[in-house]
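Participant: Assemble chain B onto chain A, guided by the hints.
Listed below, chain by chain, are the residues.
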Amino acid sequence: MGAGIDTAVDTATDAEMDNERRLFDYLLRLGDSPLVLAQRLGEWVGKGPIIEEDLALTNVGLDLIGQARLWLSFAGEVEARYAGKRRDEDQLAFLRDSGEFRNLLLVEQPNGNYGDTTARQFLFDAWHLLVLRALADSADPRVAEIAVKGAKEVAYHVERSGDWIIRLGDGTDESHAKMQAAIDGLWMYTGEMFRADATELALVDAGVAADVRALEAPWRQTVEALLAEATIAVPASGFMQGGRGRGGKQGVHTEHLGHLLAEMQFLPRAYPGARW
Amino acid sequence: MYAQMVDTGVRSVKGQAEMTTEERAFQARIDADIRIEPKDWMPEAYRRTLIRQVSQHAHSEIVGMLPEGNWVTRAPSLKRKAILMAKIQDEAGHGLYLYSAAETLGITRDQMVADLHSGKAKYSSIFNYPTLSWADIGAIGWLVDGAAIMNQIPLCRCSFGPYARAMVRICKEESFHQRQGYDIMLSLSRGTAEQKAMAQDALNRWWWPSLMMFGPPDAESVHSAQSAAWKIKILSNDELRQRFVDQTVPQADYLGITMPDPDLQWNPERNHYEFGAIDWSEFMEVLKGNGPCNRDRLATRVKAWDDGAWVRDAAMAHAAKRASRQQVA
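Line order of the protein sequences matches chains A and B. Quick note on numbering: the working numbering labels position 211 of the first sequence as 211, and the sequence is numbered without any gaps. For the working numbering, add 1000 to where a residue sits in the second sequence, where the first one is 1.
Pulled out of the complex, with its shape left as it was, chain A reads as follows:
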């Protein structure tokens, strides 16, 4: 802040810097969800119900890591524009604590059984595709470019996870019960996906961010149609976690994220400054 000498200029600069700060925060939101979900999918390696699924889960995880890298690298560049320091993708991934992570609460939930993993994936994928498609029209060309690339991959993710919801929902009695329990258990983490806070709204106004409030109806349409095909009941929309501006996007997480990060970040934390 200036010392009160030329406040008009300082105010203008501050406003620009505020926009950059918001964009940085928003890019972390876009990058952290795929990063955390990919980390969860990595826990399945070698343990899938059938080799083909091991391959498919890893494939989805690889796409998500790739997307996270693009968002986080760009976030680092944006931060450099206002903070005078530049963090690369790895510094952002491995050296932030849980309170600085901006991922959705949904993606940090533990893998559970294959039904839980599939439900988490589908609820996220259906949202993710809508967000990336909306971002394809972003006023920020880098955001649009990354979103277009990601949307192509995520179109496949949602198809795949949706197919498994149908198979498991409309499979055996056991799989139906497990899938219903999985959807019921995760439903309360879907509310924050459609809540926009001041950071997001300012960027929506600037034409940069996707307006998630407008995505709830199409998301529900996709999800409800698919759950109907899977013979799974749509849970009553009751209480949603992450409200009152205290959700994953604001850095207020469930207990699970800290453990996930402790494992993920161990090497760079234990050997500061080492290059791998």
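It should be emphasised that the hints constitute simulated quantities derived from the structure, not laboratory data. All C-beta atoms, glycine included, are put in the ideal place defined by N, C-alpha and C. A hint or two may mislead.
[To be verified] Facing chain A, according to a computed beta carbon distance under 10 Å, are these residues of chain B, among others:
| no. | residue |
| --- | --- |
| 1 | 1070 |
| 2 | 1190 |
| 3 | 1313 |
Facilitator: Just chain B now, with coordinates in the frame of chain A:
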């Protein structure tokens, strides 16, 4: 190797006089380097030996995902994590083609999996060693995949068509795996003192088990003669091991780390490295199930299979429902 000590079920190689007409014709094709295809006549012992060899190789790919999977969630950079996931994904793919190649010999994948889980079928001894540090991921790529390539390149010329063709594809991917492993070792050996120590420790632990991957010395390798006659084993255990040592020692020198073998020295007359005695009692213990991770590896695979039963059942049930609805419609 990925398939070690494969039992051929025969005590000695038959001479021409002992062979039936069909056996003579079969051996003549092999001697003329004509590939055997699944529908061709083949001696029962050849078929059974190949099932053992190819399924053992497939199981090695699948079990081999576990020691590396142990570090996916702790890979130290996003790029390394992505490369490791891609590599493990390739291994799952190799497992799939190899199971398919074995299926052409008249066994189902479910039966092969059941044989693995019951302990009847084996996988490579190397995967019963633990991955204790990130450097082990480098060492596996460099040494274990390096040894695998050494064995598998000649197998691209093996007599059984589906196995030979699977090997061609697998070898291409394995050479990428070996490079990424060596690249990890290079980063560590050019890194901090702690990283260099990590690289040295990994080499110390993985060197001897890597040499054991090629199987017992030729003099004690009872089934090799028949496998060689059938061209499903192209080079002997000792030949492959020597090639591997000769290739790998200069690579360790370049990394600036030391082979854990005081007897290792260049022999200019033989034009090969001489190396110390391998502790075959350790190898035999690992084969018997007493390696550091035998129990964990198998238990992990069995648990994955058992935990996944309801998923596989649901997929089958859903497919059946869909098929019957289509019939009605």
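Participant: For a quick check of understanding: which of the numbered hints are violated here, in increasing order?
Facilitator: Going through the list in order, the structure violates no hint and respects every one.
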